[in-house]
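Q: Counting in the UniProt record's numbering, the sequence shown runs from 1 upward without gaps.
FYI, nobody ran anything at the bench for these hints, they're computed from the structure.
One or more hints might be untrue.
Derived BS3-like pairs: lysine-lysine, alpha-carbon spacing no greater than 30 Å straight-line [unchecked claim]:
id: 1; residue 1: 55; residue 2: 161
id: 2; residue 1: 55; residue 2: 153
id: 3; residue 1: 53; residue 2: 153
Since the model is a prediction, treat every value here as computed from it, not as a measurement.
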Amino acid sequence: MRAVLDSNLFFSMWTLDPLLSFAEADFYQPVWSNVIMAEVTEHLSEVWSHATKEKVSAFLQAINSAFPEALISLAANQIFPISLPDPDDEHVLTAAIQSHSNFIVTNNLKHFPQEKLATQHVAAISPDNFLCHLFESSPEESSIIIQELVSEKNHPPRSIKDEITHLQRVGLTQFSRLLEQNLLH
1 MRAVLDSNLF FSMWTLDPLL SFAEADFYQP VWSNVIMAEV TEHLSEVWSH
51 ATKEKVSAFL QAINSAFPEA LISLAANQIF PISLPDPDDE HVLTAAIQSH
101 SNFIVTNNLK HFPQEKLATQ HVAAISPDNF LCHLFESSPE ESSIIIQELV
151 SEKNHPPRSI KDEITHLQRV GLTQFSRLLE QNLLH
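Construct all of the structure, not just a fragment, from the sequences and the given hints.
A: And the structure:
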């Protein structure tokens with residue numbers, strides 16, 4: 001299964017960490033394009049007030065090195081003429097079509113109407129629902145993935161309970177409830 005990660009997912013490490021952890025465990029293959037990475041590069045230092053352009057570049061280089069198969073290249077003439085509510089998001093659908101992705105994972109579901117995507121055999125899904133789908137496909141292995149993610153974090157160090165609290169704060173409410181049910185009871 002392949003999923004395009006929209007640029008808005010890269011702005012919250014609390015969202016991106018579990019997404020990339022599941023990808024690292026081969027639950028799915030992440031996809032992003034040079035256009036998505038350009039958007040992230042342009043705006044990440046605005047969102048992360050402590051990040052310099054150099055830190056942003058190093059961060060994205062590390063992600064691209066960890067997932068070399070994720071990056072696909074789009075040229076302007078590769079943009080498919082499918083109109084979306086926000087024309088600036090058409091490149092995301094183009095990346096999904098070109099990479100034969102099943103999903104576009106995004107916080108902007110209203111920008112990706114299902115009736116438009118269905119003609120291309122792609123579905124838009126929130127990171128909350130996508131993470132729940134991944135977790136429920138293998139709860140035991142998923143629990144281990146999240147426990148390892150939490151144990152590896154030092155900035156800030158966190159407990160499972162801290163992780164769940166922060167996931168709730170960033171809008172991953174269903175996923176945080178799933179973790180609470182599986183990891184705290």
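Q: Are the hints correct? Go through all of them and say.
A: Hints, one by one, checked against the model:
A C-alpha spacing of about 29 Å is found between residue 55 and residue 161, which places the hinted pair at or below 30 Å, so the restraint holds. As the CA atoms of residue 55 and residue 153 are separated by approximately 18 Å, the hinted pair is consistent with the 30 Å bound. Taking the CA atoms of residue 53 and residue 153, the gap is about 23 Å. The hint holds against a cut of 30 Å.
The earlier numbered hints are all upheld by this structure, with none contradicted.
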